[in-house]
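Participant: Now for the letters of each chain:
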Amino acid sequence: MKDNVEQRYDLAFRLYPYAKSPDQEAAPRRHPVVVVGGGPIGLAMALDLGQRGVPVLVLDDHEGVGAGSRAICFAKRTLEICDRLGAVGPMMDKGVVWNTGKVFHDDRLLYAFDLLPEDGHAFPAFINLQQPWFEKYLHDAILAAQAAGAPIEIRGRNRVDAVEAWDDHVALRVATPDGSYEVQADWLIACDGARSPLRSMLGLTFDGRVFEDNFLIADVRMQADFPTERWFWFEPHFKSGDSALLHKQPDGVWRIDFQLGWNIDRKAELEPSRIRARVDAMLGPDVPYELVWTSIYTFQCRRMERFRHGRVIFAGDSAHQVSPFGARGANSGIQDVDNLGWKLAAVLDGTAPDRLLDSYNAERVQGADENILNSTRATDFITPKSPVSRLFRNAVLALAETQPFARTIVNSGRLSVPCIYDGSALNGPDAIGLPARTRPGSPCPDAPVPGGWLLRRLSGFVLLGIDAETPDRFEAHGMTIPGLCLSARDNAALRSRYLGEASGAIYLIRPDQHVAARWTAFDADAVAGALARCLARE
Amino acid sequence: MPLITTPNLSDPDGSYAALIAAHDGLTETESHAFNARLILVLMNQIGDAQVIAQALRIARETGVK
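For the record, the sequence lines run as chains A and B. Quick note: the first sequence, position 151, residue 151 per the working numbering, numbers continuous. Quick note: the second sequence, position 30, residue 30 per the working numbering, numbers continuous.
It cannot be assumed that every hint is accurate.
[Claimed, not checked] If you want a taste of the chain B side facing chain A, the calculated C-beta under 10 Å gives, among others:
#	residue
1	P12
2	G14
3	F34
4	N35
5	R37
6	L40
7	V41
Hints listed in this document are in silico derivations from the structure and should not be mistaken for laboratory results. All C-beta atoms, glycine included, are put in the ideal place defined by N, C-alpha and C.
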C-alpha cells in the first residue's frame with residue numbers, strides 16, 4: 001500500500017531526499033539507537049552519538065530543514081557544544097554577534113546592558129542566526145563526520161506511525177512513499193518537537209501553564225542603520241503592541257516581535273497589510289522593507305514528568321517547552337544532547353550500567369525546571385496577569401530610568417545560561433576554598449590556555465590539574481583518562497575561575513564538560529571513587 | 001539577620017507624618033503607584049531575600065481577618 005507521507009511544511013533546504021532502504025524489504029532490523037526527528041536537537045543528537053562511534057539512525061518525516069527563521073538566538077553554551085561537535089565554524093561566520101541590549105519604556109531609553117562583561121571566552125554570549133542555517137550547518141557537520149566514518153544514517157520522509165516499547169527494545173512502524181516497514185531500536189530518542197507524536201502514541205502527559213497572549217513575528221529585510229543590539233520596548237510609544245522586540249539576523253533581516261494580547265482575530269492579524277501597519281508605526285513611514293517571514297504564536301511552559309521511559313528518551317521540545325523570552329528553547333535542547341550523548345554511549349559500550357540514564361532524567365528535569373521558572377517569570381513581567389502585577393511592573397520601569405537597582409528587576413527575558421547540576425547523584429566531592437562557579441555539577445567556564453582555549457582541550461573524561469601534580473593518564477575501572485596539567489601563574493582567568501585562593505586544584509571533568517568532582521591535590525583512590533560515582537557504578 | 005519587629009524608627013511620628021504627607025495631592029491611582037515604587041525602594045534597602053520573605057509573611061498574615 002502506498003503512503004504519501006504528507007508534507008506539513010515547506011523546506012528551506014532539501015538535505016536528505018527519500019531513498020528506499022534495504023530495511024524496507026527485510027525482516028525488522030535492530031538498530032542500537034534510533035532518533036526520531038530531524039530538527040536541531042535530532043541532528044545534534046545524531047552528530048554527538050555518531051562521533052562517539054555509536055551507530056545512529058535518524059527518521060524524519062520531511063526531507064530536510066523547514067522554512068522560516070524560528071529560533072534565532074544561540075547562546076554561548078550552545079556554541080561551545082557545537083564547537084565540540086565540529087559544527088561551529090560556519091555558524092560563527094554567518095551569525096550576527098551581539099552583546100548589548102537596550103530596554104525602552106514608551107519613548108524613553110531606560111538603560112543598556114552588556115551580556116558578557118567578562119573576557120577570556122572563545123565564544124560570545126550569543127549569536128543570532130536563523131534556525132534553518134543552524135540546522136544546515138549541523139547537517140554539514142554530519143556529512144563531514146560520515147565521510148570520516150561516523151556511523152550516522154538519516155532517512156527522509158520516514159514517518160513513525162506506531163511505537164511499541166518493550167523491556168529490551170522499541171519497535172517502530174514507519175511510513176514511507178513506498179509503504180510501511182518495521183524497524184527496531186535498542187534505544188529510541190524522541191526529538192520530535194513540542195507536539196511530539198511519539199509522546200502521544202505512548203500516552204504520556206505534558207502538563208504546564210498556558211499563557212493567554214499572542215505574539216506576532218515579522219521578520220523583515222531592510223537596509224537600516226540600527227546597531228546590532230537587542231532592543232526591547234515595554235508599552236511602546238508606536239502602539240504596535242503591548243511590548244515589542246527588534247533584533248538583527250544575518251542577511252539584512254530583522255526580527256520584530258509584537259505582543260498582541262489574547263483576544264485577537266488571528267487570521268486578520270496575519271494579513272500583510274495589517275502587519276505592515278504595525279511595522280510602519282515602529283520603523284517610521286519612510287523605511288523600505290520586505291516581509292520575509294511572519295507568524296503568530298502562543299506559548300506554554302510545561303514539561304513531561306519524566307524524560308526517560310525505559311528505552312525511550314525524550315530530548316528538546318518534546319520533553320519541555322518554554323516561552324521564547326530568554327532563548328531557552330533550542331539552547332536547552334542542545335544541552336539535553338550534551339548530557340545524553342556520553343551517557344548513552346557509556347551504557348552501550350558497557351562502561352556504565354543503564355541507570356546512568358536516570359541521571360539524564362534528573363539533571364535535565366532540573367535544567368528544564370530552571371528554564372521554565374525563568375521564562376515564566378519573564379512572561380509574567382512582560383504580560384502582567386493582574387492589576388497589581390501591572391502596577392508593580394510599571395513601578396519598576398518608572399524607577400529603572402534613574403535607579404540602577406530597579407534595572408536588575410526589569411525582566412524582558414533572562415537569557416539562557418547552562419544549568420548547574422547542584423545535588424546531582426553523579427557529583428563527587430567538593431573542596432573548600434575553590435571558586436563557587438566551578439563547583440561539582442557546573443559547566444566548565446572557558447579560559448585562555450597556551451595554544452588556544454580550555455574547552456577545546458576537554459574531550460571525554462579529563463583529569464584537569466592546575467598548579468598541582470597531575471598524572472599524564474589515570475587508569476581506573478578499565479578506563480584510561482588523560483591528565484591535563486595547566487598553570488594559573490600569569491593566567492588570571494584560569495586562576496579566578498578554577499583556583500581562587502587555593503594553591504592548586506584537581507578537577508575530574510565529565511565528557512559534557514561539567515565538573516564531576518574536585519580536590520586541592522591528587523589522590524588516586526578519591527578520583528577512582530568519583531569516576532565510579534559519575535558513571536553510576538557504585 | 002532576621003526582620004526587625006521591635007521598635008527601630010528614629011522618629012516614628014515624624015516618619016509616619018512624612019509618609020502621609022508624601023501622598024498629598026496624589027489621586028488614588030497615583031498613590032498606589034507611589035506606594036509600589038516606595039516598596040521597591042525599601043525592598044532594595046533590605047536586600048536579603050529571607051528578610052523580605054518574612055516581611056511579606058507578616059503583611060499577609062496581619063491583613064487576614
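Participant: Next, verify each hint and record whether it holds.
Facilitator: Hint check:
no.	hint	in the structure
1	P12	violated (26 Å)
2	G14	violated (24 Å)
3	F34	holds (9 Å)
4	N35	holds (8 Å)
5	R37	holds (5 Å)
6	L40	holds (6 Å)
7	V41	holds (7 Å)
Hint check: violations occur at hints 1, 2; the rest are consistent with the structure.
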